[in-house]
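K.L.:
The primary structure of each chain is shown beneath.
2 protein chains.
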Amino acid sequence: MPSHPQSSDSDLPRAGLGATLAARLVASIRAGDFKPGDRLPTEMQLVERFSVSRAVVREAIARLKTDGFVESRQGSGAFVSAKPGLANFRIANQLAAADLAHVFELRGVIEVGMAELAAQRRSKADIAALDAAFMQMQQALEGGQDGADADDAFHAAIATAAHNPYLAQFAAFLAQHFSATRAVTWQPEARASGSTLAAQAEHLDLVKAILRGDAEAAGFAARRHVANAAARYQAAQKKKG
Amino acid sequence: MPSHPQSSDSDLPRAGLGATLAARLVASIRAGDFKPGDRLPTEMQLVERFSVSRAVVREAIARLKTDGFVESRQGSGAFVSAKPGLANFRIANQLAAADLAHVFELRGVIEVGMAELAAQRRSKADIAALDAAFMQMQQALEGGQDGADADDAFHAAIATAAHNPYLAQFAAFLAQHFSATRAVTWQPEARASGSTLAAQAEHLDLVKAILRGDAEAAGFAARRHVANAAARYQAAQKKKG
DNA sequence: GCTGGAAATTTGTCTGACAACCTGACAAAT
DNA sequence: ATTTGTCAGGTTGTCAGACAAATTTCCAGC
Chain X
346 MPSHPQSSDS
356 DLPRAGLGAT
366 LAARLVASIR
376 AGDFKPGDRL
386 PTEMQLVERF
396 SVSRAVVREA
406 IARLKTDGFV
416 ESRQGSGAFV
426 SAKPGLANFR
436 IANQLAAADL
446 AHVFELRGVI
456 EVGMAELAAQ
466 RRSKADIAAL
476 DAAFMQMQQA
486 LEGGQDGADA
496 DDAFHAAIAT
506 AAHNPYLAQF
516 AAFLAQHFSA
526 TRAVTWQPEA
536 RASGSTLAAQ
546 AEHLDLVKAI
556 LRGDAEAAGF
566 AARRHVANAA
576 ARYQAAQKKK
586 G
Chain C
346 MPSHPQSSDS
356 DLPRAGLGAT
366 LAARLVASIR
376 AGDFKPGDRL
386 PTEMQLVERF
396 SVSRAVVREA
406 IARLKTDGFV
416 ESRQGSGAFV
426 SAKPGLANFR
436 IANQLAAADL
446 AHVFELRGVI
456 EVGMAELAAQ
466 RRSKADIAAL
476 DAAFMQMQQA
486 LEGGQDGADA
496 DDAFHAAIAT
506 AAHNPYLAQF
516 AAFLAQHFSA
526 TRAVTWQPEA
536 RASGSTLAAQ
546 AEHLDLVKAI
556 LRGDAEAAGF
566 AARRHVANAA
576 ARYQAAQKKK
586 G
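From first to last, the protein sequence lines stand for chains X and C.
Counting in this note's numbering, the first sequence runs from 346 upward without gaps.
Counting in this note's numbering, the second sequence runs from 346 upward without gaps.
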């Protein structure tokens, strides 16, 4: 058994009929088949059209309701919301290269803002956590170990130092989609090419700017770090593919 | 019938049993009653504990699945996800004053980033849309009409000019929570105090910076505009409450 | 034309049943 | 002793039918 849990298709539960139908209905709404205010087909019509039971249809519609795509009224029907899909913000699990670049850019905007705020608001405890994460990465760099976890902790420490829970939560949300890119930084190929060293140098610039409370420099360092991380990841992808 | 749709409690559908149970289970997970990896009570146990039918329990769990709180496996049970609630980003409908300030800050970070990118990437069509929205606000300002819609269009035009769909979608998501604050800018009280005029002056700075492609100035103008908007809104709240 | 109420329609909830799947225990074979 | 096969029980997934609750439609009656 591999030590790293492999996320193959078999170990994650297959999508049931309800989830599948929900996805199809969302696609229909996004495609414009149903516009805001329109009434969806009745449950019985959906039962006949998709050859499933009413329980499946109701599960699908329940999912659409939690995602804010539709609102249903007893006795009347289910109606597409005024702002379908805007009740929450979501990013697809699999992203094309062009989309990934855009998400990288979004992440950059957030990281820059957090770095600036962290420089203005950092407490002694924030500095201690930031320093600890940085030193852990340094040890991983010198010892040839995996510093991905310390890298996570480093960025989390910056988010904490910004003292804005919404900003931190959104950064954590975005970070999920970058586990692969963070892993690249600490792979043997990256060490050989000097990418890991370069990334750590960028981390140092960021730490120093935050320590001395220089918001402008912190923002600049964060901007450069994310931009370079994106470049390094895309270069690694090109080399591999 | 009022021209502005009033969102009273009566016209939006009451939460059903399924939605209620889902909310309670989410609260339990957030409170730590169930930790990541834990197995939820079986559907039959939930049926007995909450005195509802299995259909209601299944609707609640279906909602938890779409929100990424749990994953269920046929024959085994429903398990709390590793990162519960991080599958999507969501903001509560009703925010306390302190939370609203934080969300304002998050919005500011996004607006600054979009303004910078818009200055770098604006096309002729972007400029035309931006100009049209600004002129519409100007007319509303001079004619004493409501410019809230034009205000929306103005910020949407900046989002479009940034040429990043994820950034734009997130900005639109955030904008939903600021309809009240944008309305404040165009109320008679704001006109009397000069707030509306000040806001429009800030809009002009923003437009000019984007037109001449000055990213730094655009970012600065956006930062100032959002900060002032927050201050104006909080002042109006204090005056009213 | 308008009103009132019955009838039809639609979603919400309950109940029972079976299928698909997983888990653990036990027996059998190696 | 370890592995393998089998079985029984439990759990989620799906189906079917029924009734309750709320809305909409329609028509008789004025």
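Keep in mind that the hints were calculated from the coordinates and are not lab data.
Given the structure is predicted, the values throughout are model-derived calculations rather than measurements.
It is possible that some hints are incorrect.
With a cut-off of at most 16 Å between alpha-carbon atoms, the simulated EDC-like pairs for lysine to aspartate or glutamate come out as follows [claimed, not checked]: (1) C:Lys-583 with C:Glu-534; (2) X:Lys-428 with C:Glu-534; (3) X:Lys-380 with X:Glu-416; (4) X:Lys-428 with X:Asp-378; (5) C:Lys-428 with X:Glu-416; (6) X:Lys-428 with X:Asp-444.
K.L.:
Decide, hint by hint, whether the structure agrees.
P.N.:
Hint-by-hint comparison with the structure:
1. C:Lys-583 with C:Glu-534: holds (13 Å)
2. X:Lys-428 with C:Glu-534: It is violated: about 30 Å lies between the C-alpha atoms, which goes past 16 Å.
3. X:Lys-380 with X:Glu-416: Measuring from Cα to Cα gives roughly 13 Å; hence the hint holds.
4. X:Lys-428 with X:Asp-378: Status holds; Cα separation ~15 Å.
5. C:Lys-428 with X:Glu-416: violated (27 Å)
6. X:Lys-428 with X:Asp-444: Given pair X:Lys-428, X:Asp-444 is violated - Cα atoms ~23 Å apart, limit 16 Å.
Checked against the numbered hints listed earlier, the structure breaks hints 2, 5, 6; every other hint is satisfied.
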